[in-house]
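Enquirer: If you read the sequences in order, they're chains A and B. Each residue of the first sequence is one higher than the last, beginning at 1 in our numbering. Each residue of the second sequence is one higher than the last, beginning at 1001 in our numbering.
I should point out that these hints are in silico values taken from the structure, not numbers from a laboratory. Built from N, CA and C at the ideal position, the CB exists for glycine as well. Just so you know, not all the hints are guaranteed correct.
Claimed, not checked - With the Cβ distance kept under 8 Å, some of the chain B side facing chain A (calculated, not the full set): (1) Y1052; (2) V1054; (3) S1100; (4) V1208; (5) F1223; (6) S1354.
What the hints assert, rightly or not - Okay, the calculated beta carbon distance ranges per label pair: (7) A:P387 with B:I1176: 49 to 55 Å; (8) B:T1101 with A:N143: 36 to 42 Å; (9) B:R1264 with A:E364: 37 to 43 Å; (10) A:V214 with B:E1246: 51 to 57 Å; (11) B:R1036 with A:E415: 32 to 38 Å; (12) B:P1099 with A:W154: 34 to 40 Å; (13) A:D273 with B:K1305: 38 to 44 Å; (14) B:K1305 with A:S42: 45 to 51 Å; (15) B:K1305 with A:P15: 45 to 51 Å; (16) B:A1190 with A:L36: 25 to 31 Å.
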Amino acid sequence: MTPEALYLSPAAKLPYCRGCGHSLVVRQLSSALEHLGLPPRSIVLITDIGCVGLADSLFPYLHTVHTTHGRSTAFATGMALADAILEPQGLKPIVMIGDGGAMIGLLHLVHAAQMNVDITVLVHNNFMFGMTGGQHSALSPLNWVTATTPDGNWTPPLDLLSLLRTAHASFLARRLATSQELASTIADAINFPGFSMVEIVELCTAYGTRWNKVNGASLQEMVLRQGYALGEVETEMERPTFRELYRHEMETVRPKRAQPAVPRINAPAELNDEIRLVVAGTAGERVQSAAALLCRVALAAGLYSTQKNDNLSTQGSGFSLSELCLSPKPVEYTGIESPAVVLVVSEEGWKELEANGTVAACREETILLLDAQIEAIPPRGRVVRLPLRREANPQRAALAAIAAWLEKNPLLPAEAWQAVLALEPAERRAESAAALEVGRRLATGSPDF
Amino acid sequence: MLAEGALAAGCRFFAGYPITPASEVYEVMMRELPARGGLALSAPDEISSLCYCVGASLRGLKAMTATSGPGWALMIETAQYALMTETPVVVALVQRLGPSTGGATQGAQGDVWLAEFSTSGGYTLPVFSPSNAAESFELAVHAFNWSERLRTPILLLSDKEVGMTSEVVDEEALPIPALVNRKMASAQAAYVPYAAQEPENVPAFAAVGGEIKATVTGSAHDFQGRLRKNSPQVINVLQRLQRKIEAHAEEMARVRPDLDPDARTMLISYGVTARAARQAVAKLRSEGVRVSFLQIQSLFPIPRKWLDWAVAGVETVFVAEENLTGQYRAALTPHLSGKRIYGINRIGSLISPSDIARAVQGVTA
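Just chain B, same shape as in the assembly (with noise of 0.2 Å):
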């Protein structure tokens, strides 16, 4: 359904190479995207997978690739080249155990860490994280309107059990958000590649191959695209890369949230776990006890205004993560103050409902 999303999103390039539990996505790309227009390839790597969708894009043409932890390891330079270059690509990372080789059959929810901060200079990479097939399409959608707003790489952070587990989609009921296309630069006015005029804090694009010269590089550039040292407009790059992210922000965000007005307990997941933890409120709400549950399904940049309002009265608050050292939670922790702060974790296997409520019981009671 991540396929289907990136193809119903306008995705007309990818580029793939097999690894468990991304293949599947890749499989279907090879088979749909032709049929439907566009091209998909067999890269012979993942650094050149990810190439192929940035030269792609940089044609003019809405490109993603599929990976695991593992392929995404090789991909982060080129993913911080299209940061640098402004150009638009989307990744979904199908997550597995890790580190290393790790468990190429086993789900995890290990590589948000990896994902997130692995830029130079810590830039905000857009995550969004599904829960379940038809969340996979909507958000596959959604990156890639965010990627052509914002002229930024996003990532589609799913995993193994997501990815892989098959369940009944009601196709009619699937919301497709309206499509975004980047903004390109006009041949009427003079065009200045790396300068946002707009409010958007977006330069306008030029394609590789069109009327007007583009000018795309990877090193530190004034708005010409000119590599320079001591340039305040270099720093004024640089700061615009962060602050066009910081900006849409809130616009960004995506929770889906089931609070109870009264509770002083809030469970918080993404992800497969929070399917878990959807049925966990719903036991724990059968038998009684006060809860609210968050999922947030925009993990990066972190959905502040929204988790303000959700965490309001909220005394307790639990991150359950399929991950060893939860590190959603710690990406969090700084914007929850004052609250007591639990983490529900493990690796190796989901979650299930009954950990997440035992965990929230045991220390609510």
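Extracted from the complex, chain A is given alone in its bound form (with noise of 0.2 Å):
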């Protein structure tokens, strides 16, 4: 096989109009292919919507990949990092997308500029949507007269280079379809070990020579009236690749973090039914965390637990609430139908509780312990009020709560506690312990509940 029909069928009969700017850019990329001798199946072409889209039946012998409108980029990106990560086989990328891909996409461009993958991008630039009619895209020039735009386009072009730089992109070049040069700038493009892009400017014959003034003597003039830079463009070309980045990053900038363990004793907890029960306080004040060491502790005194959390979507304001279940028996249901416990250490808290229904689910065997600062009357329950806020600080409250809780009503046995906090980092056990002290300390002066 000659190595030019490893690429474009020598027999291949092009499907686009006469004097269609697709066609020659379909045999430059074969000439830029065949001068670079790349295995074919190491490059995978990947079509865009559009007349473009038809390229890929054009090379039997490359991968091929046909995709939704402006997308193409993005699949090639998957493509791309897939095989430079993971299984590394040299794959190459070439992604031929219309002006109206390249718009309705751009994320995809410049996503895959920032992050420096290796793949090439073709843009074929006709100014507007040929396959569908000749409507105007964003980078129809002032004054183009389409489908859509009559009169003319009154909207300002973009200028998918300048665009592109501002997102670091690597290789970038603008080139008429008719240049002597574009089979070696797309080849330049191809051969470049990042993200690179050519942008061809062409003509759609089936509607832009038809409805405009312009032929393909007077393209390059109209296209530096624009004020568009031709041929290779400065660019940030010596970063490096996506995948030089990951494994830097992989191997010696990424902490080795290790998951939080559970240790298990042999001192069970003394709960023959399970307990449901409620925190509430404010975001930001380590609530959904103390609940989080209590199901900890009673996890290593072998019991089971649900942490069913809620907060506002913000994450450092208003009420933060965690709804527990602690049992001797796997948990079903996750939510609570009225509390046996509840521990509130703000106002905001309390208020949240009044809205969601807890404090009107609450019986009178409840026992709600609340900060001393909260000054609402709950209708129901066994109430005992302590200066959690004052004595301990805003951000121990929650874990001093559950502290005089569990002093009051002692489940969970002590080498449970200990165990749990020994394996906390030093700067958190010396934290939770001060809390869990201030809590103890409380429950002791106060009568039972």
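Each of the two chains sits in its own frame; use the hints to bring them together as a complex.
Expert: What follows is the structure, given as structure tokens:
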């Protein structure tokens, strides 16, 4: 087989209109591949929607992927990353996309450029949507007549190269489809180890030249009048590729994190039936963390637990609460129909429990341990007020409340607390120990609850 | 645990975009996948997330993304592309309260229709729905296995209350189903990318970058993957895409039945509400009410055979789900002819065991 036969089939009947720039690009791409001598199976041609999307069928020996509109670059990025990082075989994705596709998929171009993924994008810019009847695109020049701008386009066109230079694209060029240098520019782009894009300026002979006074001879002048550069433009060509960045990150930068372990101890909890409790307070005051610590201790002591959190969608303001179930058996329903214990350490927490129905769902025997600053009077339940915020500080109040409740209702063995705390980072361990100490002290000085 | 299940299933590529309540899956994959020899990536939007995954899968790797309702809405075009091109991929859809941005931190089971009925042409997207952490693990493995075997996108339909609630899981007791990998094309025989010679109705896979030329297209195509208009092969391919799912429906079915052979009342549920239902059934039985229970894990294709078996002799069926209009009930109704069907529905908070027990007692008393 002759080298050229590996790429564009010599027998291929090109499916494009007479004079369409796509025919030129397809032939120049084939010449570029022939010049590079890349094995056909190392190349994947990813074609977008539009007349350009017919090109894949012309290359019978390349891998071809014909995609959805504008997304060709994103599919190519996935293939390139998977190949470069996980199964390195030197796959070279080449994207063929139109000006319409480049705009609807602009984000994919920006991200591929930003990451410096090793793909080549050929943007076939004929200033309009051809396949769908000659509508204007984001790259249409001013005064360009199209089916949707019959009096001429009046929105300024986008300069793709300028846009992508801002996104740190490593290789950018613009050529006319008729340029003698197109094949070598495409070859340079493909050969470039990183993101490369060539915008190829051409004319749609079905609509573009029919409705506008432009032809092959005057096209260059029109492009230059727009203030657009031709040829390769200056870029950050020395940037590391995504593969290099990723390897560096994985090998040197990324800290090795250990999963929080939960020890098991031989002193089981004394719990015959499940307990459902609510811990509520203010976001950012370690309410959910305190509840999580309690769950880990329960697990260490052989219990099952669930922790269902709620907060506003902002992470550090408003209320924060956890609904817990501690049980000797696996837990099914994770909500709370009527709580056995309610620990509230801030006004915001209390207000949320009023709003979400928890307060109304309390029974006469529900233990309500409230911070002393909360003035509300619960309609029912065994109410205890302790100065948790003042004595422990707001960040430690939730854990202090848990400790106070457990001091009067000793369900979990001290060994379980010790074993779990021993695995906490030193700073956090000291914080937790201080909170637990305050809780126990406050409980000791108060009547039983 | 869903993420752990994906890792156990052999997932090697993940691309994600932040969205409550699916961000946990994203964060776990970003932390764990590289350490286990895979690639986890932050995408600039949900469309890119799924496109990256499909691209990686075309390269031959198992891939997954995770999102919630608003993100899934953006992914639907790409999911259809995966269906049409027969590219395996798993999407974890962790539901929150909709519509639109809805309630980011509130659970719901309101995306059943959005998940299943999201294709032009009305193709069956297999949907698995876990009710707890252990099931999230196990069903993630099944989702990958079926996605590989049938070369089709598969949804894992979780929700905020399953995905973001911490609970104790006995790791040693977790069932790890045997792993399945897509059948690869052989270099020995002439490869026809979209013709299925196998009784499985699924063609062998040629990876982009491999020795065999891959021809992939989302356009209506013949057996060779050529864009065609008036070819009977195109219709054959379009029919096969549905038939391959239907032909494996029974094998894909996953249910947890808890039947009382003398009960005339059946409670059906799935996802997080199945947990309340199980508790409600225990309560009802302790009060002498005869009731059967069926938790459905494989929502689609509807497990017809199990359903017929479970409701034989039953007169009244309740379907409990946390949405307004009884989305799964509507899907089941055509298969429950002759039964009295009631929905137990709520939005904004979990359906409780008491809600369910009251509803059942109210009708059966």
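Enquirer: Against each hint, give a clear statement of whether it holds in the structure.
Expert: Okay, the hints, checked on the actual structure:
A distance limit of 8 Å between C-beta atoms decides the matter here; for Y1052 of chain B the minimum to chain A is near 4 Å, and the interface restraint holds. About 6 Å separates the beta-carbon of V1054 of chain B from the nearest beta-carbon of chain A, less than 8 Å, and the hint is met. For S1100 of chain B, the interface hint is violated, the least distance from its beta-carbon to any beta-carbon of chain A being 14 Å, above 8 Å. The beta carbon of V1208 of chain B is positioned within 8 Å of a beta carbon in chain A (closest approach about 5 Å), and the interface hint is therefore held.
Restraint check, F1223 of chain B versus chain A: the minimum CB separation of about 14 Å is more than 8 Å; hint violated. Interface hint status for S1354 of chain B: upheld, as the beta-carbon distance to the closest one in chain A is roughly 6 Å, under 8 Å. A C-beta distance of roughly 51 Å is found between P387 of chain A and I1176 of chain B, which places it inside the suggested range of 49 to 55 Å. Remark: the range hint 36 to 42 Å for T1101 of chain B to N143 of chain A is upheld by a beta-carbon distance near 40 Å.
For the pair R1264 of chain B and E364 of chain A, the supplied restraint of 37 to 43 Å holds, since their beta-carbon distance comes to about 38 Å. Checked against the hint of 51 to 57 Å, the C-beta distance between V214 of chain A and E1246 of chain B comes to roughly 54 Å, which is consistent with it. Distance hint check: the CB atoms of R1036 of chain B and E415 of chain A are about 34 Å apart, consistent with the given range 32 to 38 Å. Between P1099 of chain B and W154 of chain A, the C-beta spacing of about 36 Å keeps the proposed range 34 to 40 Å intact.
Range check, D273 of chain A to K1305 of chain B: about 39 Å between beta-carbon atoms, so the 38 to 44 Å window is met. Between K1305 of chain B and S42 of chain A the C-beta distance comes to about 48 Å, which sits within the given range of 45 to 51 Å. Range check, K1305 of chain B to P15 of chain A: about 49 Å between beta-carbon atoms, so the 45 to 51 Å window is met. With their beta carbons about 29 Å apart, A1190 of chain B and L36 of chain A fall inside the hinted range of 25 to 31 Å.
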